[in-house]
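Chemist: Sequence:
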Amino acid sequence: MAAAQLLNFPGWQSEQALLQLLADGDKTQATQLAKRKAVEVLARLGCRDAIQSIGKCLNSDDHYLVENAAWALHQLGCQDQGFINQMVALLADRRQNRRVLIQSLAGLRVMQALPEISALQNDDRPGVRGAAIAAVATLSGSKDRILSLGEQLFLPNQMDRQSAIQDVIDAGAIELLEEIMRTPVSPVFRMRAVRLLWPEAQPLCNGLSLLDTLDSLLLDSPECLQLVHSYGEKQENLFLINEFFGTDFSRCYLALQTLACEPGDRLWPLLEQRWLEEAHNDYGAHYFFIRLFAMIVDWGDEKAKVENYCDDAIFNRRPQFTKSRPAAILALLSLQPERLNSSLTQLLDPELEANWECRYASWMAAAQMIGMGMSIGTQLVHLHIKTNDPNAFVESKKRQVAGLLTDF
Numbered sequence: 024m025a026a027a028q029l030l031n032f033p034g035w036q037s038e039q040a041l042l043q044l045l046a047d048g049d050k051t052q053a054t055q056l057a058k059r060k061a062v063e064v065l066a067r068l069g070c071r072d073a074i075q076s077i078g079k080c081l082n083s084d085d086h087y088l089v090e091n092a093a094w095a096l097h098q099l100g101c102q103d104q105g106f107i108n109q110m111v112a113l114l115a116d117r118r119q120n121r122r123v124l125i126q127s128l129a130g131l132r133v134m135q136a137l138p139e140i141s142a143l144q145n146d147d148r149p150g151v152r153g154a155a156i157a158a159v160a161t162l163s164g165s166k167d168r169i170l171s172l173g174e175q176l177f178l179p180n181q182m183d184r185q186s187a188i189q190d191v192i193d194a195g196a197i198e199l200l201e202e203i204m205r206t207p208v209s210p211v212f213r214m215r216a217v218r219l220l221w222p223e224a225q226p227l228c229n230g231l232s233l234l235d236t237l238d239s240l241l242l243d244s245p246e247c248l249q250l251v252h253s254y255g256e257k258q259e260n261l262f263l264i265n266e267f268f269g270t271d272f273s274r275c276y277l278a279l280q281t282l283a284c285e286p287g288d289r290l291w292p293l294l295e296q297r298w299l300e301e302a303h304n305d306y307g308a309h310y311f312f313i314r315l316f317a318m319i320v321d322w323g324d325e326k327a328k329v330e331n332y333c334d335d336a337i338f339n340r341r342p343q344f345t346k347s348r349p350a351a352i353l354a355l356l357s358l359q360p361e362r363l364n365s366s367l368t369q370l371l372d373p374e375l376e377a378n379w380e381c382r383y384a385s386w387m388a389a390a391q392m393i394g395m396g397m398s399i400g401t402q403l404v405h406l407h408i409k410t411n412d413p414n415a416f417v418e419s420k421k422r423q424v425a426g427l428l429t430d431f
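Numbered continuously in the working numbering, the sequence shown closes out at residue 431.
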């Protein structure tokens, strides 16, 4: 819609157009939808002049507009006591998105909201309960209830698990990082927790090694996760493959774990069919197909095709397939390290490869190749001696590999 597009045109004129939209009294659905987006865009533009107009949206009958307004007031650092009082009062209304209200009040450091938020630590909805526990830790410094967030990391509902990770991040509860690493959600959420919680420049934290943690995240084996689903009986392979197209990662990982025990040549006809029909263009399923390619040792006569799919995935730069690229690097390493070796220098160079996870996975591959006694070329040595990687995680991995090169 037009309101969303104005984010690409920051400036006074865009802000005025959005403010005029918020002042429009039209109650039609189209206008209400546009207002929700206008509030969000004004916040993303950092338009503090919009605080008064956005604050008035807290009175709306549209709960989604109220939600966006609360979020926007947090983003804009609202200090208007009237609006703050109104957000605190809205916590008593179960029709509202109380999770967002709690997060916004905690983000604004509204100490007066502590009693109301504390009372919600026992709410029957996990998202509200978790946000309240995190907010109490933020506002009061008390972490008495923090460990209970660990239980929410393994709830049956995926949205609840994802929300729990955000609550752990908001609370700064680094003591729960190990549990997050076992949470069956997209690796994007787990990696975000590491990036935001891990103390800068510290190789060890709470008994975890930074590089071992990152290696495990990029390998993303279902064996390292605490899955919240199980099969009561043996499932057909087609059913398991189709699970890759679902949205619940616990189910996807369970299917992956099960299929990895099957012979590759038996699976291949179904896999190739579903790949060509959908998976090649479905970023969720694509990721799990690539993972499966790495986990099955013997693909028989189809090995070359599997390698080609992995090689194509490495250099597929469409944004929605970003998650598959480092997975494909490690898959090709497992299938045919010599083939990956020919692309390694390009994948390690930050000027040629912008994705830090791809560079990190490539250094993982380099370490394994060195351990196998493979020659990885003088250019690789030059890279590790002469350049610094702009990403601290990659730089740490590179130093580890540099030590291996010295040993050899």
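These are computed hints drawn from the structure, not numbers from a lab. Possibly wrong hints are sitting among the right ones.
Distance windows between CB atoms, simulated [claimed, not checked]:
(1) A115 <-> D85: 12 to 20 Å
(2) E374 <-> G34: 44 to 52 Å
(3) Q225 <-> D167: 20 to 28 Å
(4) G34 <-> Q343: 54 to 62 Å
(5) Q52 <-> P138: 33 to 41 Å
(6) K326 <-> R132: 56 to 64 Å
Each residue gets a CB set at the ideal place from its N, CA and C atoms; glycine is no exception.
Chemist: Does each hint fit the structure? Answer for all of them.
Modeler: Hints, verified against the model:
1. Look at A115 against D85: about 19 Å separates their beta carbons, and that is inside 12 to 20 Å.
2. Distance hint for E374 and G34: a CB-CB separation of about 33 Å, inconsistent with the stated range 44 to 52 Å.
3. As the Cβ distance of Q225 to D167 is approximately 26 Å, the hint placing it in 20 to 28 Å holds.
4. In this structure the supplied range 54 to 62 Å is violated for G34 paired with Q343, their Cβ-Cβ distance being about 30 Å.
5. Checking the proposed 33 to 41 Å range against Q52 and P138 shows it holds: the Cβ atoms sit about 37 Å from each other.
6. Between K326 and R132 the CB atoms are about 58 Å apart, so this pair conforms to the stated range of 56 to 64 Å.
Consistency with the previously given hints fails for numbers 2 and 4, ordered from lowest to highest.
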